[in-house]
Structure formats: structure tokens, C-alpha cells
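K.L.:
Letter by letter, the chains look like this.
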Amino acid sequence: MRLLRAGGDFSALRRLALVSRKRATSHLPGRRGGVSTGHGIDFADYRRYSPGDDVRSIDWTLFSRLGMLFSRAFQADSELRVHLLLDVSTSMRYGEADKLDCARRLAAAVSWVGLKQLDVVGLATFSDRLHRVLPPRRTKEHFHRLLAALEEVEPRGRSGLTRALRDYGSRAQGGGLAVILSDFLSSDGYAQGLDYLLYRKFELLLIQVVADEELDPPSGENVELEDCEEPRLPRVAALPEVLSRYRENRRAFQASLALFCRRRHVALVQAVTSRSFGELVCQLLREGVWERR
Amino acid sequence: MALLNPAALILLALAPVLLLLHLDRRRKVVHRVSSLLLWQKVGGDGEPRARWRRLRDPLVWLQILVLVAVVVALARPVLGTGAGRDVVFLFDSSASMGALEPGGSRFDLARERALEILDSLGRRDRVQLLQAGPRPRVVTGFLADRPELRRQILALEPWEAQADLPAALLVALSASGDEGLVYVFSDGAGHAAVPPSLQLERVRYLRVGDASDNVAITRLTLRPSRQSPFDHDLFTEVANFAPRRREVTLVVEVGDRVLWSGKLALGAKGRQRIAVEGSLRPGEVVRARLGEEDALAADNRAYALVPPRTAVPVLLVTEGNLFLEKALEVAPSVALTVVPPRGWTQAWTRGSYGVVVLDGFEPEPPGPMRSLVIRPPPPSEVAEGRALRRPELALQAGDHPILASVELGEIAVERASVLAVPPGGRVLLEGAGEPVLVAWEREGRRRVVLGFDVQASTWPQALSFPVFMANTMRWLAPGGEANPVQLSAGEVLEWSLPPPFLGLSQVTVRNPHGSISTVAVTGGSLVFEDTGTTGIYSVRDDAFEATFVVNLFSDEESDIGAATTSPPGEEEAVSERWGSRPVSRGSEVSLHLILLAVLVLLGEWAFYCRRSAA
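Going line by line, the protein sequences match chains A and B. Each residue of the first sequence is one higher than the one before, starting from 1 at the first, in my numbering. Each residue of the second sequence is one higher than the one before, starting from 1 at the first, in my numbering.
Because the hints were derived from the structure by calculation, they are not lab data. Each residue gets a CB set at the ideal place from its N, CA and C atoms; glycine is no exception. A portion of the hints provided could be inaccurate.
Claimed, not checked - Short, incomplete list of chain B residues facing chain A, as computed with Cβ under 8 Å:
(1) V29
(2) V30
(3) H31
(4) R32
(5) V33
(6) S34
(7) S35
(8) L37
(9) L38
(10) W39
(11) V509
(12) R510
Claimed, not checked - Pair by pair, the computed Cβ-Cβ distance ranges are:
(13) B/L591 x A/R250: 50 to 58 Å
(14) A/H144 x B/R56: 13 to 21 Å
(15) B/L11 x A/P218: 58 to 66 Å
Stated by the list, open to error - SDA-like, lysine to any residue: derived pairs with alpha carbons at most 20 Å apart:
(16) A/K201 x A/R166
(17) B/K326 x B/P340
(18) A/K201 x A/N222
(19) B/K28 x A/R235
(20) B/K28 x A/K201
(21) B/K28 x A/S170
(22) A/K201 x A/R171
(23) B/K28 x A/R171
(24) B/K263 x B/E253
(25) B/K28 x A/L239
(26) B/K28 x A/E213
(27) B/K28 x A/R166
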């Protein structure tokens, strides 16, 4: 995590900004177009001048043409509330290139980009419940707190998206962009938790962290697979035909998650742990998670 | 194909164990995955199927193939044995086989050799056990049951008697058939030489033992002293069969009384005789023993029994016949009582007589006695009623004991009755072609009928008459003479019980080792064959008791260093002759199987290495 703290890897992210399909709803000023008008640089509309309006906003050209006073209304720049939801269940500690490692580097990158764009960024870690919650802030110290929190993360507990996301959705105020970094392999499924966040007006960005070993698991006559979260579960022999059916299940699961996201206009990105950080950044850029400014 | 050691096949039970080890081997590679969520949807029967899939592993079957090859090799398969052969194991069980050798007795060595050969025979070969003792003894029929044969071989014991090996070999050859094989386990000593006609290629001699250090008591006899009717003369002979000088101590004793004791210096192959005179009572047993031990213990002791004095009570019923009375009085072991016919009933009911002589008289009914009937009055069961005048007598059965040493010569008979021959009867004497002297035995009772009056003939004046009477008494009551009380080992005891004990149906015989056997008595006679052990035997019933002794007294058996079986019959020489003939063992393929197992093992190892590298 020294790389995160040094920030050297993030230098290429300076010109990037998180893409949000919704207008920012915060009343605090930022660099994003908000839903309200005010001081900004983007022209929004004309409206009749009312006494008390800033005389600098009167469009004199229009007055010369129409003989009526109109004020120019600009779209007010607003901040984006970014909620980083990091899955720290035991299943994230998997793969030669650790899934959790990959996830928190991405979380750090997203927070870096968000804070650079004057967004407020918060962090919550969860497994089958919420563990640690850092409310969204925009200060430089907050970024360091975020990095420290990401460094201190230890995998624990079982995956339980529904309860954890419900808890967080009911606790967080003001909506915003919820970036969920998880493998979404939860025994209680992912749909209910995500739907609840959507219900709570969150815009969702799902970053599915996948280890190479999950896409190409080991097999053999003597290989038995054990659930790292539930060692007491019966082991599964990794026979070739079992492996074949696992791949089918994997494809079906992936297709199901993609369909879920497509129907709800939720962005979904699959981050494979074997890819380098740069590749992952490019992938996120390519898939529209963030944009150049 | 046959298996020499089929018991090894039990090791095939390791094959399932090997399979189980493969099915449930502990060396599993456990791989932890993030979640079994997507795996569990595959189905929960992965583990059982995985177990059975392990059986598809060629290594499993290669290892089982190695195991099977090794086990079958241990079972010693033999190819081409066919139906097996009949093999006879003939054990020389003579006294010399009890001689001690460094590895045990000669018989022990013979047993070991026999067991070795038994193990080397084909599974289908059948083996019969024979013992060559005084008489051939068939121990078992032809058996293929190896454990039973081993048990029987281990239970065999030698006798302390001389063996008739040629007779036993003849039995063995007859039993084994033309293609059978006879193994003779012998020390080559003691028995008569095997005739060349029995020295066949299919007879294999296995000689055991070569000790020769033996001193023996070869004679111990008693006879009444000529000087005193109360004393006996005792003769003892001790022989040294060792090829070196020996000095031994001889002790001759009766009970606790030592008759003679002293040291004897015997040169190589030398003998010494000792004569001792002593006062002995009938029934006493004289024991002679050597003080030093040697290779053969059976001839280091000897026994002699002072014979009991017995006489047969004979009842003569006659109106008066001086010739008969005198002839019976001079007959040995006869205690004569003479009564007239009118005193018959009283004499018979009060007395106990072994033989009755009826002169011109026959009671009604004849009675269950042994009798000599002279001139039976008609009607009689043997007298036809016809008479012959001055018949010329002729012997018809000169081999009969009654006519032994009887020379009739010219005997004139005034008148003779023609006799009817009863079933089983034998005509001993004919007059003019008609039977005049008949003898028979029925239900243990012997009868002799003479068809003419001896007083009306010249026979009493001839020498043959008292001989005839003595023979007749001896034949009618064999127990009247002293039964033999001193036998050679293996000799058959034939006793006739004295008259008071004629009704006995059985007696018990206790041998020197203390084992008791019951012997049937038929018509007052008993026959006892099991005299293979030297020592003192006692015969008894509730009211009857007698003793006899058995000694080895065989120079051939005591000369344990001599071999009468010639070397050409021994195993080495014979085995060469058998080299070109098919023997029962066939060809073992154990070595081939072991080589196959090694090759498969190497292949399995190579396969494993290649797969591991992949």
C-alpha cells in the first residue's frame, strides 16, 4: 500500500473524472453541474429580471432588442458524493494476485480521482455487515484517512451483500455514486441489496473483482475444493466434468449480473486481478467509469 | 497348471486393500476457493464419483497387476503337471531307526526329509504313508491333503523291532502302480537286503544316519538247572558293534536282587557271554541292563521270564483201558483223572477239565467240551453204524498237528466203525477208504473221534500211539503246554488260555509304556500283534493274569553301522536316471512371474514420473 500512499501511480489520473449519469444534488459547490442554477460557467436559461437579482446577470443585448430586462441563469457547479463500498469478506482474500488488494487499489484510485474533481468521497467496508464507515469528505486529510483505512483492511466474515448494502443505504444521506467493489459471490445474492440502493437514489457502479483462479480454477483427480469462508461445507472434487459445469455456471452468473445491471442502467466493470493497475485504469476509462477532463 | 503353495493366494486379499487405499487415499490436494457457490450448483456427488474415477487411473491397475504377479509367484504355479502321481513314502520303522544321530534320531531325520519332499511335490500328487515294521503297516491311503499328511508323518514312531523292508517295499510298489514313485526312508540297517527285483527306477532310497557306536545285549535266556530242580541257569550275551573297543557295565537282577554285576571289556565287534545260576521262582522277571548309554537304547536292556508251571486237567471216562491211561500219564502237562462212565456226571459237574477222553462212552448231549471220543457207541452224530472188519489204515492228513511224527507202520485193527464227517471236519485216518479218525473244530470247541477200540488193535504197542495221544492232547488244549513268555520284538503272541479261562471273551494287554489295549479271546485263544516295544507286558482279566516279555535280540538291528541297502538305490544315483523322465513337479513359473512383476513395476514408475512431469 505504499504505492497508494505515495500516489505516484495516480499521476496519470489527474485528468480523469468520475462519470455520473445523474446531476449532482449536493448544494455544496463543486465542479459538476448541479440540478440548481447559480454561479457557474454553463449557461442554463433566461428569466425575467427581478429586483434584487445581480445586475451583472442582465443581458443587455436582449434588452436592446426586446426592451425588457432578462437575467441570465447559469447552472451551478456542484459536488458529487462518491460512496466506496469495499467488500472485505474472506472470499476477497483469494488468488495469486489478491482480489482484496486489487479492490482497494481501485478504491484508492477512485477516491483520488473523486477528490481531485472536488467530489466528496466516503468509504465503507463490509462483509455480511458493515465494518467501518468513513462518511464522505473532500479534504486532503480525508484522503489520507481513506488510504489508511484501506491499508488497515483485513478480510473477515462471510459475504452478505443484502444486509450490508441495506444497512449502508439506510444510513447514507443524499444519494450519490455508490462504487461497489466486490466479487458479488454472496450466498444471499446481490439483487436485493443493489435494488435497495437504487431505491435510495444511489447511482451504482459495480466493480466486480475476479481472480484469474476463479476464471480458470485448478482441477485434477486428487484436487478438492474448499470454501475459504465456510470450511465446514463439503468439499467438491475438481473433476474435469465438474469444472466444465462450473464454467457454465460462471458464465450464467456473469450473464445474470450483466442483465441485472443493464435493466437498471447500472454500470458494471469486471476487474481481473492479473491485470496491471494501468490496464485496469484503461479498462475503467474505456468502459466509461471515468472520463478525461 | 497346479499350485505348490496355494495358501499364498490368500495374499490376493491385499488387492481390495490396495483399491481401498486408492479410493480413500489421504494425499488429497485441498485447494481453497473464494466460494463454493458456483461449484455447489454443479452437484453434490462429486466426491463419490471422484473416488470411482480414481479406479480409472492406470497406476492402480498396474500396481494390482504387480501384486497379483507376486502373489501367484508365491503360490508357486507349476505348468504341465497333468493329473499328478501316486507317491508312496515308505518309512523304515525298525529299531535301528531309533538310533541317535547329531540331529536327532534317525527316524526324526527321515521325517524331516519326508516333509521336505512332501513340500516339493505337485499339488495334485497323492501320497500314501507306509511303515516297514515286522509287518507292513499302511498308515494312510493316497491323500493329497498336505496338512493331514504332515500331521500323519509327524505322528509316526519307529518300533523296537526288526523290519521286513522287502515285504513293505513290495506293498508300496503294488500300491503305487506302474507309474508311481516310492520314497524309502531308511538307515539301510537291520532289515534284509532288498532283492534286485525290487530295485526299480521308481524307487528312491533316502538313507539317514551313519552312527555306529552301539553295544547290545543280544541274548538273555533261562533254563532249569540240571543240578537243582529249584535253580535256573541264566545265559547272557553282550556284543559290541562299534568299530572300537568298549568297556561296559552289565547288571543282571531280579527285582531288587542283583544276580550278576560287572564290567565287560569288549573289543571292536567283539562279544562276551555270561552264565549265571540263580534260584528263581516261576513268574519272576530277570532284567539285564547296560550301564552306559550309546546310540541305540532299545538293545541296552533285556528281560527273561521264569515260565509258570501249568498242567491241563484231563478226564478219562473208561471202563478200564490201561493203554490209554499210560499214554495220557506220559503226555506232557497232563493232569489225569480216570472215572468210569457211571461217575461221569458227578466228575464233570464237580471238576473243571480242559480235555475229556471218552472211551466207548458218549454222554447225552455230547456237551461243550474238548474231547477225544474213542469208539463212540451208536447212535452218534459221527458214527454211521457201519463197521469194517480188519481195515487197513492209511494216513489222510499227515500235515495235521495230531499226526505230526506219527508213523503208523503195520497196525492191525480187528473192527472199526465208519465215521460220518461233520461240516468242517477233516479225515485224518482211513480204513479201507472209510474215515476212521476225524477231527474238527466248531465254535472254539475241538473234537477228535477215533472209530475203533485201541485195545482191539496193535496200535498201543506201537511207538506212534503215545505220540498220537500227546499230539491230540496238545491240539485239543494248546494251553496245556506252557505258552511262550519270551518273544522277539514284533513277533506275534499266540496264547491259549488255560481251561478255567476258556470262557473269556477278551483280555487287556498293558505294554511297557503303560498303554492298554483290549484283545479279543476266541475259543480260549488270543492273538496279540502289537509287540513292537521291548519290555514287560501284562495280560489280565478280572480273574486271569499273566506276563510275557519282549526283547530286541537282533544283531542286524543292533549293528546300526552296517547297511544292507546298497548305494545304487540311493537318491543321488537314482535322480540321475530320473532326469530325463517327467517328474511330478513340472516346471515352476514363479521366477517368470517375479520378472514380470519387476517389469510392470518399472513401467508403473516410468508412467508415474512422466505424468508427474506433465
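K.L.:
Would you mind confirming whether the straight-line C-alpha gap from B/K28 to A/R171 stays at or under 20 Å?
P.N.:
47 Å, violated
K.L.:
Less than 8 Å between beta-carbons is the criterion; does B/W39 satisfy it with respect to chain A?
P.N.:
Because about 4 Å separates B/W39 from the closest Cβ in chain A, which is inside the 8 Å limit, the hint holds.
K.L.:
Taking 8 Å as the limit, does the beta-carbon of B/L38 come near enough to a beta-carbon in chain A?
P.N.:
Holds - the Cβ of B/L38 comes within 8 Å of chain A, reaching about 4 Å at its closest.
K.L.:
Is 13 to 21 Å respected by the C-beta to C-beta distance linking A/H144 and B/R56?
P.N.:
Violated: the Cβ-Cβ distance is about 59 Å, outside 13 to 21 Å.
K.L.:
Below or equal to 20 Å on CA atoms is what counts here, so check B/K28 against A/E213.
P.N.:
19 Å, holds
K.L.:
Regarding the hint that B/V509 lies at the interface with chain A, is the smallest CB-CB distance below 8 Å?
P.N.:
78 Å, violated
K.L.:
May I ask you to test the interface hint for B/S35 with respect to chain A, counting a Cβ-Cβ separation under 8 Å as satisfied?
P.N.:
4 Å, holds
K.L.:
For the hint on B/V29, just tell me whether its beta-carbon gets within less than 8 Å of chain A.
P.N.:
This hint holds: B/V29 lies near chain A, its Cβ roughly 5 Å from the closest one there, short of 8 Å.
K.L.:
Can you confirm whether the C-alpha distance between B/K28 and A/R166 stays at or below 20 Å?
P.N.:
41 Å, violated
K.L.:
Could you grab the alpha-carbon distance between B/K28 and A/R235 and see if it respects the 20 Å cut-off?
P.N.:
Distance ~11 Å between B/K28 and A/R235 Cα, so the pair holds.
K.L.:
Just to be careful, I want the Cα atoms of A/K201 and A/N222 compared with a cutoff of 20 Å; is the pair within it?
P.N.:
Not satisfied, since the Cα-Cα distance of roughly 49 Å exceeds 20 Å.
K.L.:
For the pair supplied as a hint, B/K263 and B/E253, confirm whether the alpha-carbon distance does not exceed 20 Å.
P.N.:
Between B/K263 and B/E253 the Cα gap is close to 15 Å, so the pair holds against 20 Å.
Consistency note: the structure conflicts with the earlier hints numbered 11, 12, 14, 15, 18, 20, 21, 23, 27.
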